[in-house]
Amino acid sequence: MAHDVLMPQLGMAQDAGLIVAWHKGPGDPVAADDVLMEVETDKATMEVPAGRDGVLATIRAAAGEEVPVGNVIAVIAADAAEAERVAGEVAAASANDGDAPVEAGATSASPAPAAVDAIAVARTEGATAEAPRPTGASPSGNGTADIAAPAADKGAGPTGRILATPKARRLAEARGIDLAALVGSGAREPILYRAVADAPDPGEASIAAPVATPIAASSALEALAERSAFDALLAEADPAPTRAAALAAFLAGAWRGSRGADSLRIAVQTLGAPPLRLTDPDRVPLSRLGGDDAAAGDGAPDISLFDLTESRLASYRPAASGTSLTLLGDGTAFRLLLAFDERTLPLSEAAHLLDELARRIEDPIRQLL
Amino acid sequence: MRGPPMRELTLSKAVNEAIAEEMRRDPSIILMGEDVAEAGTPFKVLSGLVEEFGPERILDTPISEPGFTGIAVGAAMTGMRPIVDLMFGDFLFLVMDQLCNQAAKTHYMSGGKLSVPMVLRTNMGATRRSAAQHSQSLHALVAHIPGLKVAMPSSAYEAKGLLKSAIRDADPVVIFEDKLMYQDKAPVPEEEYLLPLGKAEILREGRDISFVATSSMRQVAEAAAARLAEDGVSAEIIDPRTIVPLDEETILASVRKTGRVIVIDEGHQSFGVTAEIAARIAEKAFYHLDAPVGRMGAMDVPIPFSPALEDLTVPTPERLVERAMASLRGEPVHGA
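Read top to bottom, the protein sequences are chains A and B.
In terms of my numbering, the first sequence has 218 at position 218, counting the first letter as 1, and numbering is strictly consecutive.
Just add 369 to wherever you are in the second sequence, counting from 1, and you've got my numbering.
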């Protein structure tokens, strides 16, 4: 087994030593009593023996270098084969991080003078011992202590197993909910009880079988739109309209841009606010959307808009026929779900509409022009 | 605790009252230890007892923990009900043979012919700047030995009620008082009461996460729960009161309700009380868990003398809030 040679402490107050000369080189066999090197302290120069029999595998501090007490300055291997291997590892390590071999060992072997180090050691051990390894992903190599690791967003991982808490799994089984489908519809892993409890019954909603959705009477399209530009635009408007009203304006704009229309009525629903009817919201400045200018027309809406962003809801499929747009998503992107009837809104037009809306959200200048 | 008239008592005074009441009731009770009579212990817990009961029943012993603990075991076997005062919990290491080989096993090894109705009162708890040999919380050590009961009062109320039950118990009971709580006050009924060994108490009802907190960790849990409440998180707090016997049912029922739990105890985390309780929860309420069982114990280092370092080694409300929030967010939880 390879043995680290540390810079010895040769005097009471000495904290570093200057290597004057090496008496052995890498590959040389050494006996415990052989002089390995000469070290100069502020008081004297001393010959330091190897301390054990073996083969000098690598030297990590050249003659002329001053090295803190306790740092690794050389490695003595049991035999030539091990010496070769150790030397190879050192070379590989230094090639990887661009550090000289002397740097590689510099931090690992500093002496532990006080309780601070004891604490650091204990914490590191604690963190390593407890690190959960649910996905088979390797635990963080540094073992940074005392920090809760972020949730494994990527999920399934190499094993393909979905991360869900026992309680969530139990409920999913009882309700016949497929966890994979839940993940497919955007649920974060590990899946918690709440996510399963909030999921609609598998018989009634697309969530349990997203692949099967097209079978339903109404068709569905989904788009993603990055939202930062849209959010910035909203923040600039004074007074700021509600996000749902602004989205209605964009939707109306996209509709008019892709299909043309004289007058557009949009029914808007959000969580925790009364439903809203807007007529031609795209023809009103954003800052006036809250006023009467775009308020209520009578008659059936041309399209319904459901803003469910920033809720924990993962999906919605309207039971009623007609055209509806549901917004889901997180702080960075909207998921736009367009449900429509191909008899009244052909697929090509629906696709065009949704694509145009997503483009407008990502690049609001398309709306403002 | 509704109904009976209450007054505020320090934990120290509550212990004193429990012993005095029991000694008045039962003449076979004696109390022995270092500096218990004239000095009334370094924490002044026993002040005044020698005046009432005399030096025949309140015995100042030489500085020989194994000696007087052995005497107590023998006295208990032969009809007395000794209360042994071990000045610091750290001195448990000195009495391990008397306690674990003799007191704990006598009833079993005598085929039930002998019993050892003694109480060993001692203390625990760090952050008193008493350094590594006077700050340990060693209750897990004795909880590991079958035949010993272990009580951990979390306030003056528990201290009095549990100690009176311990004194009346037919078997050896070790009772750990947190030395930082001796001056803490809590409402204590005017009239006599007993608290059963082996019955946990729900100190605070909640629905989102359970804290199982022993001894002074109750205060940590209560402070954390108050802060979490400001964020709309409702934490339930369970005080096991005794870790042997452990009221598993109350703990498991709470976990089944909330789905999340953090166990907080001031003993070293590794191989300790938090590990035992966490393991039982994982075994018996696994399918109700919505997050990994969390543990917070003292860091696995000798308690540092440096105040700044010592404070880092024990669970705090801040760290508990952090851990609770991580658990609620569904993050895997690491670290001590």
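It is possible that part of the hints are untrue.
[As the list claims (entries may be wrong)] Cβ-to-Cβ under 10 Å is the rule here; a few derived chain B residues that face chain A:
#1 Ser-433
#2 Gly-439
#3 Met-456
#4 Phe-457
#5 Ala-660
#6 Leu-697
#7 Arg-698
Hints were generated in silico from the structure; no laboratory data involved.
Here the structure is a predicted model, which means the values were calculated and not measured.
Built from N, CA and C at the ideal position, the CB exists for glycine as well.
Comparing the hints with the structure gives:
With 10 Å as the threshold, the beta carbon of Ser-433 of chain B stays out of range of chain A, its nearest partner Cβ sitting at about 31 Å, so the hint is violated. With its C-beta approaching chain A no nearer than about 35 Å, Gly-439 of chain B sits outside the 10 Å limit, and its interface hint is violated. Given hint, Met-456 of chain B at the interface with chain A, is violated; its Cβ is 25 Å from that chain's nearest Cβ, farther than 10 Å. A cut of 10 Å between beta carbons decides the hint on Phe-457 of chain B: the least distance to chain A is about 20 Å, and the hint is violated.
Proximity of Ala-660 of chain B to chain A holds as hinted, the smallest CB-CB distance being about 6 Å (cut-off 10 Å). Against a cut-off of 10 Å between C-beta atoms, the interface hint on Leu-697 of chain B holds, since the closest Cβ of chain A lies about 9 Å away. Hint status for Arg-698 of chain B relative to chain A: holds, with the closest Cβ pair at about 7 Å, below 10 Å.
Hint check: violations occur at hints 1, 2, 3 and 4; the rest are consistent with the structure.
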